[in-house]
Each structure stands twice: as structure tokens, then as C-alpha cells.
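Trainee: Residues per chain, in single letters:
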Amino acid sequence: MIESVYHDAVQLAHDRVPEWAKVRQSVAAKALRERPLPGRKSEHWKYAPLSSLPQVVIKEAAKGAPNARSLPVLDGVTICVNESGVLHCSDALPAGLKVRTFDALNGAEADAVTRLLETGVADRSGLIREVSNATCTVGIFIEVSNDAQLDLPLTVVWDLSNGSTWMSSQLVVSVGQNARVSIVEQFSTADAALCHQHGLTELFLSEGANLDYVRLGAFAPATYFLGGAFARLGRDAQLSAFAYTQGASLSRNEIGIRFDAPGAHAEVNGVYLPRAREVVDFHTTLEHAAEHCTSNETFRGIVGDQANAVFNGRIHIHEGAQKTVAQLSNKNLLTSDSAQVNTKPELEIYANDVQCAHGATVAQLNDEAIHYLRSRGVSKEVAVQLISIGFVETLFDRVRHEAVREWLCQQTRKRCDSPSKKGVVL
Amino acid sequence: MLKVEGLCASVEDKAILKGLTLEIGPGEVHAIMGPNGSGKSTLGHVLSGRPGYEVTAGSALFDGQDLFDLDTEERAQAGLFLAFQYPVEIPGVSNMEFLKASVDAVRAARDLEPYDNVGFMKRAREACTAVNLSHDFLKRGVNEGFSGGEKKRNELMQMMLLEPKLAILDETDSGLDIDALQVVAAGVNAMRSPDRSFIVVTHYQRLLDYIEPDFVHVLAGGKIVRSGGKELALELESKGYAWLEGAA
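First to last, the sequence lines map onto chains E and C.
Heads up: the first sequence begins at 1 in the working numbering, then just goes up one per residue.
Heads up: the second sequence begins at 427 in the working numbering, then just goes up one per residue.
Among the hints, erroneous ones may be present.
To give a feel for the contact side, a few chain C residues facing chain E, derived at Cβ under 8 Å [unchecked claim]: (1) ARG476; (2) ILE516; (3) PRO517; (4) GLY518.
Derived from the structure by calculation, the hints contain no laboratory data.
Quantities reported herein were computed from a predicted structural model and do not represent experimental measurements.
Even for Gly, the Cβ is constructed at its ideal location relative to N, Cα and C.
The whole structure should be built from the sequences, with the hints applied where relevant.
Mentor: Below, the structure is given as C-alpha cells:
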């Protein structure tokens, strides 16, 4: 049972969770007790099963300074949170933005967050949300007022302290009508010891809201990360999302977007570059439940060494969601003979007047292209880097923040040097 | 400059070059002509170090250095340039980025300072203009979606920026219209200098009207079967290759 993995974490949450969340926590804890650990026979966990997920053993380091992070630093307000709560907030919050930790919510706010959490888009197997509700000990609620136009991004960093082994967080964002905001969420672990991180993000976009959301993970090698970002889009809402994760033994991210009302648009992009024995798993679901909505989703990955990448992208067009335009593409580059990609785009369409395209490819580095570059004096390492960066850069270009784009290019250069250096952990 | 002796090479165990000997002095332009399948392109590939082309005998000295001791990129850094018959498309890598990386690598190998971005940009634009390509081509992916003629002109632009000691043009004229042919020829002629040599591989005498060779060689059956001055090309044009095949 998966409960055995999270037993201590559930106990910890039971002791720490604020009053208003107690019922939710205990309902989830009860459900978790019934749930088996999903293995290869479980459809949604087939290629990255949790059968050997190590048990969460909780150790908490004494409170200290935040880790020196390898993640990009952006302009605007940064809120750093570790397993025991908010460490610091870099600046005063601009007008129109309200940020509360879960334990500081007043009655009305707690009711609002409870309501929002109850209506979040379902994850594929229900496990991600259940584990989160049963174990979350740190949560943040962000409210963006109607019509607020926030130019600088808000960065939320979930940073597991050195010496600690467990963190389970929830971020709930409510973007008011016609408001525009940019949120960069970062997850990180730095300690080489075995640790777990769980991060659930719920995004709610009201009518005409515009959210630019970036989700980055940079983990130490013995990290097991599970989590997801889920969004509900109101009428004419616009969501632009980008996801990237690296370094963990296992990183499973689910992205779920539901188009609730006409005219909404979502741009969803992601990149993964697993190396060594890393396992990266992205499951995405676009629920087109209203007419005249559009979505454009592209994920690209470069998989090396003995790494394993899983991509499952599902587009579900509900009955009545006429005039939907949905596109999904997943392209992969394998740079080693022992690397693996399992990709599966899925379409389920119940409306008859829609445009829907999907495609997935898996290819190897083109030897002719490498030779061509080398024949112009470029070393093999640089040739491989140029081709690799070229393969994913078009997606980096869609990220608005220069600091993030630069960081992504750096990571690509580091991770994609020579394919001949097999087994090197970067 | 380049001294090739008794060169034998094979592709997938099939012998293509069978004892090719060729010597090229500084500043000379050599044209290599010959029927299809005689090994013309193979010679360029072997000299540039393309994987899959195996040297089974013979030697090639480039400026006194054993060419076959060098990796592909080291050959380019030493000053060898091959204009590909079929340039490769590399989506996602911009032409500018690629050119800068190449020129930086070649200059670094010659202990020269890299150009700064502004200076390089200027040179790249000039080279673009010289081969009659719009500056937009610098921003596009390497050869990505270029027409045949644009690819060939892109090869020439690279040659101009890399300033090689020896350039091998592998059927750079094939697939070009007359205007493009003249652009290519003018580019090559502008690069001619007493210390830069060219090997011009071609099927047609036409190119040699614009790029005047010092020597013409006929490659047939993996060997040079006949060498001469530029008049040999005219002779070939009227008689074809059949009368020489016996010599192979």
C-alpha cells in the first residue's frame, strides 16, 4: 500500500495541518490507506512505476539559511519556503497581490481555498492529489485582484533544507477577472541524501485572466519528486505554462488544464533532459469542456545515458466543445543506446467540429549534422551541444523571463556535452 | 600544400579509390572531372574525414602533416575546407551561431583572438552580400529550408569566413542556374591568392569558363588517369570520358 511509503508524512501532516484543513487531510489519509502502490500494471504509472518508491523517513534539519540555489534568480518578489514554513519574502508585495500561508488564513480565506481545492482538475489516477492532501504541511494561497496588471514575476521557491528529507507543499493561485500575472514556481533539493518532495499547484483563472506560469525543478540525485500543476480556465482566460525538471531519481509531474468556458487559450510547453539513471515522467491532460477554446502543447526531450523519459499527453474534447483547436507535439532525441523514451499522445474527441492534431517522434542525434559541424572546425562536444540546444531552444524562446531562458540554455549545455561520456552524472 | 600518394579508400568494404596520386601546390587551382561513380566525391569525403570512409592504403600530407592523423575538426582548423555537394540541414541551430562557433574554433586553433560579436556580425553580413544571400539567412537554421542554390551559396559564405588554405568544392556548380554559378565563381576568384589552393570537382566544363584552373585531372575507376592544362577540359567536353576509361 502506498500509505506505507507516506505513513510518517501523513502523521506529521495530521499533527501540523491547520484547523480548517483537518477534514480534508483525514479524508485523504483514509483514502490513501486503501490505495495500492501503482506498479507496471497500472496504466498511468506503467513506464515509471512507484513499486520501488522508498519510504519517507522524516528528518528535519535545524532551521537555517536557505540553500545556495542553482535555480535562476528573477526580478520581482521571491518567496522562499522550506519544509517548516516561509523563510523570507524578498520585497514588499505590489498592490493587487495577496499572499498568505495556509496557517495564516482567516475564516473566509480558508473557506475560499477549501472550495478551490475541492474543484481542482483531477489528476490521472487521483494519487498525486490524494498524497498531497494527506501530507501537505506547507501551503501558500496567492490571490490576484480583478484587473491587477503585475509586470514583474512572483517567484515561489520550495526549497528542501540540507539535512531534511521531506517536504509536501500546496500552492493555490486565484487570478481575478482581467488580471495579468506571471508566477515562477521552483522546486529544489540540494542534499545528496535520500529525500522526497511533493508539490501540488492549483491555478484558477477567472474570466479574462492572463497567467504566465513557469514550473522548474532542480534536484539532487537521490530525490523523489511527485507533483503536478492543475489549472481551470474561465471565459477568455489565457494560460501560458512552461515546465522543466532535472536531476531527480524520479520526477513525476502531471499537468491538467480544464477549459471551463468559451474563448480560453492555453499554451503548454515543457522540456526534459534526463541523464545518468534519472526517470522523468510528464503526464498532461487538456480537458476541453467548452466551445471555442484553443490549446497548443509542445514537449521536447533529450534523453541520454541510461535515463528514462515518459511522456503521456492527453487531449479530451467533451461533447459540445465545438470549434476547439488543439495541437499536441512531443519530440525526443536519444543520445545513448541505453536511453529510453516512452511517449504516447492520446486523443479522445466527442465533438464533431474540431481541429485536433497530435504527433510524437523519437530520433537519434544526426551523425551527418555532427560531421558537417566538425568539418567546419567545431569539436564534437560543441557540435552535440549546438544541435541539442537547437532542438529545445525554440521552446525556451517561449519563456518570457530572460534569467530563466539563460539558465535553461546553461543546463542544456551542461547536460548535453559529449554522448560518448556515458554514465557521467552532471 | 597537399600531397596525396597511392590513396586507396573504401566505403562499406567496397573499394572506391584505387591508388590516387595528386599534388597541389600553393595558389594552384586543380579541377577534377570524371564520370559518375569514379570516386570524385569520395576523395573530398576521405580528405575531410567523413565517418564510414575507410582509408586502406596510401597517404595524404597537408602542409607536411599527415592528414589521416587528424580528426575532422582538426583538419578544418589546419585550413582544409570541403564545400559539400549536399549540405546538411540542421534545424534549430542558427546560421549565425554556427558560423561564429566555426570561425571561433578555427581562429582559436591558429592562436588568433576571436572576433567580438559586432565585428563578426559585420563580416558575416559582408560575406552574405558577397554571395548574394539576404541577411535573413544568418538568422535561419543552418541550411533549413534553403533551396539547392541557397545551400551552395551558404557553403561559399562559410568558406569566405573560414579563410581556408585549401578548399575542395564538391560539385558546387551542380543545380545552380547561370546567375548563381557566376556568383559562386566570383566568390572563388576573389578568394584566389598565392597561398590558397582549390580543388574544384565538377562534371561540367562550364564552371571552368568562370574559374580558370591551372590543372585538370580526370578521375576514373578510382585513379587519376589523365592530367593536363585547362585545354583538357575542352577536350573532355567534346569527346566525353569513354576514350579514357580504358586507361583506368
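Trainee: Please go over all the hints and tell whether each is borne out by the structure.
Mentor: Results of checking the hints against the structure:
Among the interface hints, the one on C:ARG476 holds; its C-beta lies about 6 Å from the nearest C-beta in chain E, closer than the 8 Å criterion. A cut of 8 Å between beta carbons decides the hint on C:ILE516: the least distance to chain E is about 5 Å, and the hint holds. At a threshold of 8 Å, the smallest CB-CB gap from C:PRO517 to chain E is about 7 Å, leaving the interface hint in force. Interface restraint check: C:GLY518 against chain E, minimum CB-CB distance 3 Å, threshold 8 Å, status holds.
Of the numbered hints given earlier, the model fails none.
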